[in-house]
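2 protein chains.
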Amino acid sequence: MKLSAISKTEYLAMFQEYLERTLREGSFALEDAMLYATVDGGKRIRPMLVRLGALAVGDALCSDALALAYAVELVHSYSLVHDDLPAMDNDDYRRGKLSVHKKYGEANGVLTGDALLTEAARHLFKIAKGKGECFVNAAEEILTGAGKMVDGQVKDLAGCKTRDEYLEMYSQKTGALIVASMRAGARLAGADERALESVSAYARHLGLAFQLADDLLDDDGEPSIINVIGREETERLLAFETSEAVKCARLLKNADELVDFAEYLAARKN
Amino acid sequence: MKLSAISKTEYLAMFQEYLERTLREGSFALEDAMLYATVDGGKRIRPMLVRLGALAVGDALCSDALALAYAVELVHSYSLVHDDLPAMDNDDYRRGKLSVHKKYGEANGVLTGDALLTEAARHLFKIAKGKGECFVNAAEEILTGAGKMVDGQVKDLAGCKTRDEYLEMYSQKTGALIVASMRAGARLAGADERALESVSAYARHLGLAFQLADDLLDDDGEPSIINVIGREETERLLAFETSEAVKCARLLKNADELVDFAEYLAARKN
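Residue numbers (the working numbering), protein chains in the order written: chain R, 506 to 775; chain W, 506 to 775.
Okay, chain R solo, but in the shape it has when bound:
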């Protein structure tokens, strides 16, 4: 079935089913922790962006999009599990429940992250067999984004002092996987370089807006760009990045949904 034939809501329901079923089929030693880290959490922004990336340039098979969405959500989840570790952000809670390492122990926290990242890549190779170049290109986008995300994490731990340092770090730590999700969807739909660049431009603004909205929601004194430029300027920057994303959306197919998504992310309350 093609993505264009199903609604956003149907896609999300299919994604949830795909995620749970595929993780259970893996018979992992850490199955419980892997499900705990992925199944009932999150806004599924990256899986949504895989779909939107494909529809922004054309269309693709829903089953292929779901495989990419599964991988990118696992990559995102592994990064949260490792982020929460005592050696990193040392967070006891995530999405209103105990973080993985608090619930399953610190060693299993490390290993659950490892298992999720490994499974993301394994699944992509499994699905890549018999597919054409487009799927392999799309899978490469996800791993490339995952690599940049680690670079961003390193910058975050090292600490940022200026507005530009924060924006550069955000573009990697948060933005890279958001851009990769859109590009993966677009690659799947066979986008050429020009279309890819338009998709990337939208996603870069979206990713930055998403992180700024996060900072404004979580403004609890933890280091963020708000400490450098203040709430008002952060709100102004969020509005600017959102409006830039909207402008980029107008150059793409399925523009109304892309506009809605950018406005939803900017206005969200969690």
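For the record, the hints were derived by calculation from the structure and aren't laboratory data.
Check the hints yourself; a few may be wrong.
It does not matter which identical chain is meant; a pair holds if it fits inside one copy or across any two.
Each computed SDA-like pair below joins lysine to any residue, with the alpha-carbon atoms no more than 20 Å apart [stated by the list, open to error]:
id	residue 1	residue 2
1	660	585
2	634	701
3	602	668
4	634	695
5	666	761
6	602	517
7	608	663
8	660	536
9	608	591
10	653	726
11	631	697
On the provided structure of chain R, position chain W as indicated by the hints.
Here is chain W on its own, set in the frame of chain R:
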């Protein structure tokens, strides 16, 4: 160039060059730590097994084998970096020098492992473009082995009590990536299922023998199968697994080198 046209020594030199060059080209934030964890360490057993796996059933392009070898060595290296973390084995030294987290800090220890695993998968997708089914199949073997390795790590942390529990854990924690390396090489050379099974049988015995030899070399009271069955029985089991590997080798191409490798691993002093 085909693998059959170059010697073992040439292959290892080419691997070393490939590893360093490719890691440096990545411009990773953690480049120093990634090089530290990979470049001057280890016996390169898994890269060797990629080559031997291909030659055991036929032949393959050296450049493709090197890409697989690079990925599997990065997977192996990431597992050591994470193994050494305080939450895991808490080892301050590895291969006679400070472990990654002791040298670069614990957060960077987590992230260096993540970066190595991510880069392994990213590189495989990059190289997979334009290659046939054989390369994708080979890459999938490596990620499948990496997944089983994590399962084995979980079993190791949970602790083993009986001979059979140790053997099962060893077959995953150590064996899975060794089997995967051989199978990846064999897949690259276009092995059919029957040839793959012969290669896997050799590698399973080899992997077990390798771990038993490790236990005998490192017998420092840390939990190992020696605590359960004693040194003498462990030595007997090592000799048995090595002789089984040699028997399996006789059914494969390039048998003499496979026999030599099994005997080298059993007799090694480090």
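A quick look at each hint next to the structure:
1. Only within a single protomer do residue 660 and residue 585 lie at most 20 Å apart by alpha-carbon distance; the minimum there is 16 Å, versus 24 Å between protomers.
2. For a Cα distance limit of 20 Å, the shortest separation of residue 634 from residue 701 across copies, 18 Å, qualifies, whereas the shortest one inside one copy, 24 Å, does not.
3. Proximity of residue 602 to residue 668 under the C-alpha cut-off of 20 Å is found in neither arrangement, the shortest distances being 32 Å within a copy and 39 Å between copies.
4. In the homo-oligomer, the alpha carbons of residue 634 and residue 695 lie at most 20 Å apart both inside one protomer (17 Å) and across protomers (14 Å), since each shortest distance falls under that limit.
5. Proximity of residue 666 to residue 761 under the C-alpha cut-off of 20 Å is found in neither arrangement, the shortest distances being 37 Å within a copy and 61 Å between copies.
6. Taking identical chains as interchangeable, the C-alpha atoms of residue 602 and residue 517 are never at most 20 Å apart, the minima being 22 Å within one chain and 49 Å between chains.
7. Taking identical chains as interchangeable, the C-alpha atoms of residue 608 and residue 663 lie at most 20 Å apart only when they sit on different chains, with a minimum of 15 Å there against 28 Å within one chain.
8. For the homomeric pair residue 660 and residue 536, the shortest alpha-carbon distance between copies (13 Å) is at most 20 Å, but the shortest distance inside one copy (31 Å) is not.
9. For the homomeric pair residue 608 and residue 591, the shortest alpha-carbon distances inside one copy (13 Å) and between copies (18 Å) are both at most 20 Å.
10. Taking the shortest alpha-carbon separations for residue 653 and residue 726, neither the intra-copy value of 26 Å nor the inter-copy value of 42 Å comes in at or below 20 Å.
11. With identical chains, the CA atoms of residue 631 and residue 697 are at most 20 Å apart between copies only, with a shortest distance of 17 Å across copies and 25 Å within one.
This entry does not satisfy hints 3, 5, 6, 10, going by the numbered hints stated previously.
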